[in-house]
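Trainee: Going by our numbering, the sequence shown opens with residue 1, and the numbers climb by one from there.
No lab work stands behind these hints: they were computed from the structure.
On a predicted model such as this, the values are computed, not experimentally measured, just so you know.
In this text, a Cβ means the ideal position worked out from N, Cα and C, and glycines have one as well.
Do not rely on the hints blindly, as some may be mistaken.
Each pair of labels, with its calculated beta carbon distance range [as the list claims (entries may be wrong)]:
id, residue 1, residue 2, range
1, V620, T152, 46 to 54 Å
2, D505, L169, 54 to 62 Å
3, K307, R255, 54 to 62 Å
4, K401, E62, 53 to 61 Å
5, I20, G44, 41 to 49 Å
In silico BS3-like pairs for lysine-lysine, Cα to Cα no more than 27 Å straight-line [said to hold, decoys possible]:
id, residue 1, residue 2
6, K445, K529
7, K436, K525
8, K412, K142
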Amino acid sequence: MMDLTPEQQLAVDLEGTNIIVSAGAGSGKTAVLSERVIRKLKDGIDIRNILMLTFTNEAAGEMANRIRKKIKKAGLTSQLEFLDQAYITTFDAFALSLVKKYHYVLNIDKSIDIIDSSIIDLKRNEFLEEIFLSLYDAKDEKFLKLIGDFTTRDDEVIKKDILSINKSLDLKYDKEDYIDNYINNFYNNKYIEQLFAEYFNYLKKISLELEDSVLILENFMDSSSYENIYNSLSKLFRPNSYNDLYKNNNIILPRFTKVDSSGISVKENIQELFKELNELVIYSEDELKNNYFCTKDYVEVILKIIKMLDEKISLYKKEHNSYEFTDIAGLVKGASTGEGLGNKFLSHIRQVDAIVEVVRCFDDENIIHVDGNVDPIRDIEVINVELVLSDLEIITTRIGKIGKKAMTTKNKDDVKEIGLLERIKDALEKNIPVRKLGLDDEEKKIISSFNLITLKPIIYALNVSEEDIVNGNEYTNRVCEYAKNEGSEVVIISAKIESELAELDDDEKMLFLNELGITSSGLDKLIDKTYKLLGLATFFTVGSDEVRAWTFKKGMKAPECAGIIHSDFERGFIKAEVMSYDDLVAAGSELKVREAGRARIEGKEYVMQDGDICHFRFNV
């Protein structure tokens, strides 16, 4: 143990209270904190139950290294095994990891990225301004009525409210369907009757509380004064209908005379409840319902603006060729039965297009494997089993819901679905992922709403040491063979190398990669492999001041690709002027490509190719 000052020793040993250690840089705060952690470990506390947060990644790394050395020195080998699972990180990273890890609890459908979210927020404000200007220019009647009825000086309040509503709707996994069906779902007689019933029940609760308070008041005033108050308010007690409250809402609250000081709070409560009833019952039942339906036009405008805003944001993402990688916590054996963190958080990755499974393929005595030794095939099978069990639960639940119905009604669609589900269930029970069943497009459509995880293609990202990045090792050879038999993809990466590359500029990166004997980073290889796995390709549009890349699904025709840029391009498609990227590079300019006869005119049936450079002609 290091030599500590009395103050430092106190900070290490003090228990049962919060501690603030205030000291300048280089005064030994990290050393003291690491000593305090070791003290906790010696007392039997699991290192995975200790949270250590810093302001910088450098400080977090230093903290982890110090604790590792001290654990070894103290002979706490059982704790060393779990050090890589300990929470030693920055405040920002920890907060973000919680949001990502427990994404399902927040009911958030999309992965979170701090920087990207900030940029998107800025773009959202910018796009909303554009939408408002376009609606002003179009003299949209419903929009102008919304602005006129709900603003006094400017429209900033409305914009703020729309952004807030949109943010709330982003939490819905079925946002698009929710918006499309909102008017039909919430502006109908059945829903308004339900809503009104809930409103009346709320008013009855207030009425009951008012009655109880009046009855209590009898204890704090003379009988004649109390009788006057009771008789005046009794018409508001236990209403049989909303109209009972409405017709009696003109009651004037009598004066409270001769109330004992101990009954003042009861008197004030009665006054507040009476006031609340007066404020909530100012319209007749018919007026309330009519007023509700009068909001329909306003809601339609707001939903229209939100859809326009989402379309602009979606187009912005397409223009910037952006795809999201969503991180989830590691699964352990038995997660489906609650071991570790369980697997309930898998729900938030059911919307992804493919799965990247990171597999440890290196030995390091300083990083103890949770199972005691490195075995990538075992690790892969542990995770895959948990994914299978997660899907099995969904399929079994669905069979339970429609199985009886299919047998009773003999509806051909239900019968077909139950047959497919039973086939999938049988495969999953044999630990066979759904992607290996060779389902056709029609069968995939039937089960599309379930978003089965084992139907999604997999890439195994094999994490190796720096020394094995070029040729791999025994572990990677085994996984490559496993993946080949499974029909999955493999990419070899080194997390250590990637962390170093992240801190270099482009020129330094190329130098570093050349020294290692590789041409591209693991991240680039992973992105490229993912791109191909999803059947994606890229075409380009070239303007006087910019070049843009657009992602499309292989097999799409020219009009469909034009629609990626703007729906008007697809609707009014005439032709596409096309040249290939390779031809452009070889020729040196667009003019020389045309002179060489390598530029061509393509029509509606042209299947777009990766690397096409296009100029779309359209008319709407």
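Trainee: Hint by hint, say whether it matches the structure.
Mentor: Do the hints match the structure? See the list:
1. V620 with T152: 46 to 54 Å: At roughly 39 Å between Cβ atoms, T152 and V620 fall outside 46 to 54 Å, so the hint is violated.
2. D505 with L169: 54 to 62 Å: 40 Å, violated
3. K307 with R255: 54 to 62 Å: About 56 Å separates the Cβ atoms of K307 and R255, which means 54 to 62 Å holds.
4. K401 with E62: 53 to 61 Å: 54 Å, holds
5. I20 with G44: 41 to 49 Å: 26 Å, violated
6. K445 with K529: With a Cα-Cα distance of about 26 Å, the restraint between K445 and K529 holds, given a limit of 27 Å.
7. K436 with K525: Satisfied, since the Cα-Cα distance of roughly 25 Å is no more than 27 Å.
8. K412 with K142: 45 Å, violated
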